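Chemist: Listed below, chain by chain, are the residues.
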Amino acid sequence: VELLRALGYEVFFPENHGALLGASRVANDTMGTAHAAGYSPDICSYLTSDVGSYLSRKTPLQRYGIAQTPRADLLLFNTNQCREVRDWFEFYGREWNVPVVGITSFRDLGDVEQHHVDAIVRQMEALVPILESVAGRRLDAGGLEEAVRRSRTCSELWGECLRTAAVRPAPLTFFDGTIQMGPAVVLRGTAEACDYYRLLLGELRGRVAARAGALPRERFRLYWDGMPVWGRLRELSSLFAELETSVVASTYCNSWIFEALDPRDPLPSMARASLELFIARSEEPKQRYLERMVREFSVDGLVFHDSKTCPNNSNARFGMPARLRRELGLPVLVLDGDLNDLRCFSDEQARTNIEGFVEQLEGMAPRSPAEVRA
Amino acid sequence: LTDGPCYAGIDCGSWNTKAALVDAGGRFVASAVVRTAADVQAAAARAFEELLAAARVDRSAVAEIWSTGFGRHAVTFATGSRTELDAHARGALQSVPGPITVIDVGGQDAKIIVIDAAGRRVAHKMNRKCAAGTGSFLEEIALRLDVRIGELPALAAQFGEELRLGSFCTVFTGTEVLHLIREGKRPADLARAAYRSVVKRVLEMERVEGKVVATGGVVAHHPMVVELLEEAIGQPVAVPAHPQEIGALGVATAAREAARGAGRVEGVA
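Residue numbers (the working numbering), protein chains in the order written: chain A, 1407 to 1780; chain B, -9 to 259.
Bound conformation, chain B alone (with noise of 0.2 angstroms):
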């Protein structure tokens, strides 16, 4: 329950939609989670709901609702939005001051933001049309390694050997994965190799430098994802508390600024 009122964000993303409520004062109150499926205007609906019940506040309480994501666009009930990656610059800003670079992986895409000492948005790359380094090149793995992919993790975590995953498409990689299989090599030798595959195509978009923050859904279910990028940037990487949550978080806030009109960033240096 929060005092004043309360501003809500929406991400509509291609495998979940998320959505957060700040309070008047810029306090995450609290987020909600449902799948996409077909259906993008009815799972903004029930993300929507759902949060209200975890935040157990009244409709009534909430003062705008912004969207954001691929399907910003379909929230009819939406009062504002912007792209998402406004949103994840906004929402990463809130755990780390700029400078930062933000590396979030999505279900269908993967994106680096590039923010300065002013929280100001100054570059960003989008993956190409090509599902390499995004969530879902990690489910087409986890099917050819007949795991459902909420289990591939705990799979990856027994590895023991460690290999690399040469192709650059997706399709080609399960080819090689099962190539790889037929080889004798290990489940979770493979799924590993999968989580670096993932890190190294998101790396090759464009140049990471300063503090680098991880987001997204890839990052929040599949911490392996968060270890091999450490390792290969040679520094640690901040996750923030609700790392797949970030765009709407991000959202709201954007919502609360344009409402107070602060037109202003906040949570940098």
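This is chain A alone, in the form it adopts within the complex (with noise of 0.2 angstroms):
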């Protein structure tokens, strides 16, 4: 994105319009015009949401004033995170006849090695003429620098917002930090969401210093893996804040601070940084970075969001649950669900399992009351 910033585009994500289609719960309506076009059930909701609503000429934009996703000049892909984001945007490609470029990078990674990054380097460097003949103006390597030096610093006070739940009670919870995480997905590389970061950080240290926790009342505290369950944000947040139980971390939003950034080093280190994100990484490296943030937020437990149609953002796949809670000695829970698809989901048995997993932790903690009625 840093490319496109340095050269003057105007940078849309549709994995956000994906977001704001399953968190409007919009997607349900729009995936089967999807699926009837070719794109199976089976494959990012995301992108059967966004295909769907284009297809279908729906999308909560309209309540903007907004009637579609705007037409693109170019479509610049990098497959770090899933294969799906490349085909997704060939359906536009065909659409709107208009280049689609990308980077085909490596996944499953363990450690990310110099001869991963100069790979990436050099796919970089091949995409620079094609970005600046649509753009029609050469790439300035100051330019570049500056959009590296402002992703850098949004990653960083975006880290430093997350790193405040760490804090017993924790000012902020996972469902908040799916809303705030906005500026870090669709503004990286721009100063705006520098200023926003700085404020929220603010408003974030006065809470930790008045010990205003984001709960009433956190009893406990847990980790969340995998995606959000975009159509269920408030039903789930609502439920672990009545059963006083905190989610005060994820990978999912830890996932857009990208520390190998270096504006001395502009390509390299992004090449660097878009290797080294966790979803790129074999189980190694994840279950390494998984212990390592139960340990920094003293999490009770873990929840892993096995969400259907995205396998590359879900970690229960590969035994992963059973090596935590066995080497951790922690409790973990699987959710079935997913991230747009709320055929995939369940709210009765979600509810379930979630308040069982809790009593659990109530078991196992020094014994609190039972749940009684007043």
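Any given hint could be a false lead.
Facing chain A, from chain B, some residues (calculated, C-beta under 8 angstroms) [to be verified]:
hint: 1; residue: 49
hint: 2; residue: 60
hint: 3; residue: 111
Label-pair restraints from in silico Cβ distances [claimed, not checked]:
hint: 4; chain 1: A; residue 1: 1591; chain 2: B; residue 2: 63; range: 33 to 39 angstroms
hint: 5; chain 1: B; residue 1: 63; chain 2: A; residue 2: 1517; range: 47 to 53 angstroms
hint: 6; chain 1: B; residue 1: 171; chain 2: A; residue 2: 1501; range: 45 to 51 angstroms
hint: 7; chain 1: B; residue 1: -6; chain 2: A; residue 2: 1574; range: 38 to 44 angstroms
hint: 8; chain 1: A; residue 1: 1489; chain 2: B; residue 2: 158; range: 53 to 59 angstroms
hint: 9; chain 1: A; residue 1: 1470; chain 2: B; residue 2: 108; range: 40 to 46 angstroms
hint: 10; chain 1: A; residue 1: 1441; chain 2: B; residue 2: 138; range: 36 to 42 angstroms
Just so you know, these hints were derived from the structure itself, not from any lab.
The structure displayed is predicted, hence computed values, not measured ones.
Ideal placement from N, C-alpha and C gives every residue a C-beta, glycine not left out.
With the hints in hand, could you dock these two chains into one complex?
Modeler: Below you can see the structure in the form of structure tokens.
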């Protein structure tokens, strides 16, 4: 994205529209159109929600006077998170007859080696003339450095915001994070994103100083791995609050922290940042990361959301919950669901699983009074 | 008739609503089972009335009524509630001390609950949003075999050939059964294969270790499930005296413990 910012592109993220479709529950009206057009219900429901939205001309943006997502001049992908993003952009490439270019990245990386970084840098360098041609201007080295500097600052500030939840009581939860991370996702590389997080960080530090938790009472602290269930943010947030259980940290919200970014070394640091991302890694570094987060945020248990249509961002499928349960001695819950497709999510089953999990925590901690209605 | 206060538990399941009563000492007094149908609240009230009649106790003798099961929050006359995970764990521990693994097969869900030696629940797994491995699956197969669900055990008992059903999805299995009938396979063999399929799906949910306790309506009414479960895991499976009412018993026990302020699961080693 820093390349695009430096070349003056206005950048839009279809994933963000996918999340918007999910959170507004419009996704469930649009996905079917994409399925009927040949996009399987088993693939990313961001993709099917968004493609279905385009085909059916239904978007929550219409509430704000925007008829549909804007037509792009160029589509730029990076497969470091999944292959779907490429297939998704190629749909639009065919629709709009515009170039679809990108980086075919490595997946399931153990250690990120220099040759991995070099390979991505070469792909980035090859992209530059195409991006310049569509933009109608040359890439300015100073502009790229500035975009990387802002992205780095944004990352640091967002990371600081999230780390305030390491304190008891946590001043923000995962559910707050899914909303607050907006600027880090769509405005990374801009001054506005940095300003936003300076403001947020000040507020969060104030809450920490005042011991003002996100919940009135924080009995238990949990970690969330995997995608949000966008169409059930409020319900899940309220349920955890009702159970006085704070979901204090998540892999998802931390995915927009790019520690490797270095304005003195733009392309290699961008390449390294994209490769070091949790989602692009193999089980072993993922486990090390989760263990570190568990310690840093002092959690009492972990919740894995196994998202039906997002295998790449579901980490419960290769034995990770069982390994963590065994090695950390912490209880682990796996919730079946989906990021956008609510047909894959059972409200009642999720409620029972979560309530049962908190009962389990009660049973393991010094016993607290059983739930008794007044 | 009992001395001292009693504690009632009501388990609002998808098919049946179960009620159980324990006395002041935590001993099982009586139970009742009614169809849930569409009105959870009415079924809970009916189950409670039948429970009082079966126990021959007056409503005033019941100190607490706690609910569990999917409809637990709909029981307005309940004074407390626990999830079915907690209730089944407590109920099973009344029969067998920990460490145990509870396998509960109900109408619309199946669960595996792991309990340690101290009687603490340490892990659980519920079936996915799918009917495979539950009573609903057996209902679908009974429909395909043109028998009532209550007739399925007797039919399966006449089996002669061991068949395997390969489909995961209940609807696809229904189609597979129709295909096998057309191929001349016997309904009795298909009924047994359906039970084997339930066991297979349940055991795919979580690794089962140590002593196993089986509970739930399917276990209560379809003993072949227990037989095939024992065969699959290679060890005996304990079935409590009231496997279908174990959740109701468990939540009644929780009510009693809360009232006594014990805060400790009893019946553990």
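Chemist: Has the hinted range 53 to 59 angstroms been met by the Cβ atoms of residue 1489 of chain A and residue 158 of chain B?
Modeler: At 25 angstroms between Cβs, range violated.
Chemist: Given a cut of 8 angstroms on the nearest C-beta pair, is the interface hint for residue 60 of chain B held or broken against chain A?
Modeler: holds, 5 angstroms
Chemist: For the pair residue 63 of chain B and residue 1517 of chain A, does the Cβ-Cβ distance stay inside 47 to 53 angstroms?
Modeler: holds, 49 angstroms
Chemist: Is 33 to 39 angstroms respected by the C-beta to C-beta distance linking residue 1591 of chain A and residue 63 of chain B?
Modeler: holds, 36 angstroms
Chemist: Taking 45 to 51 angstroms as the hint, is the beta-carbon distance of residue 171 of chain B and residue 1501 of chain A inside that range?
Modeler: For residue 1501 of chain A against residue 171 of chain B, whose Cβ atoms are near 48 angstroms apart, the range 45 to 51 angstroms holds.
Chemist: How does the Cβ-Cβ distance of residue 1470 of chain A and residue 108 of chain B compare with 40 to 46 angstroms: does it lie in that range?
Modeler: Since the Cβ atoms of residue 1470 of chain A and residue 108 of chain B sit about 56 angstroms apart, the hinted range of 40 to 46 angstroms is violated.
Chemist: Given the hint of 38 to 44 angstroms, is the C-beta distance from residue -6 of chain B to residue 1574 of chain A inside that range or not?
Modeler: About 43 angstroms separates the Cβ atoms of residue -6 of chain B and residue 1574 of chain A, which means 38 to 44 angstroms holds.
Chemist: Does residue 49 of chain B meet its interface restraint, that is, does its C-beta lie within less than 8 angstroms of any C-beta in chain A?
Modeler: Since the shortest Cβ distance to chain A is 18 angstroms, the answer is violated.
Chemist: Cβ-Cβ distance between residue 1441 of chain A and residue 138 of chain B: within 36 to 42 angstroms?
Modeler: holds, 37 angstroms
Chemist: Please check whether residue 111 of chain B passes as an interface residue: C-beta within 8 angstroms of a C-beta belonging to chain A.
Modeler: holds, 5 angstroms
In summary, the numbered hints that this structure violates are 1, 8 and 9.
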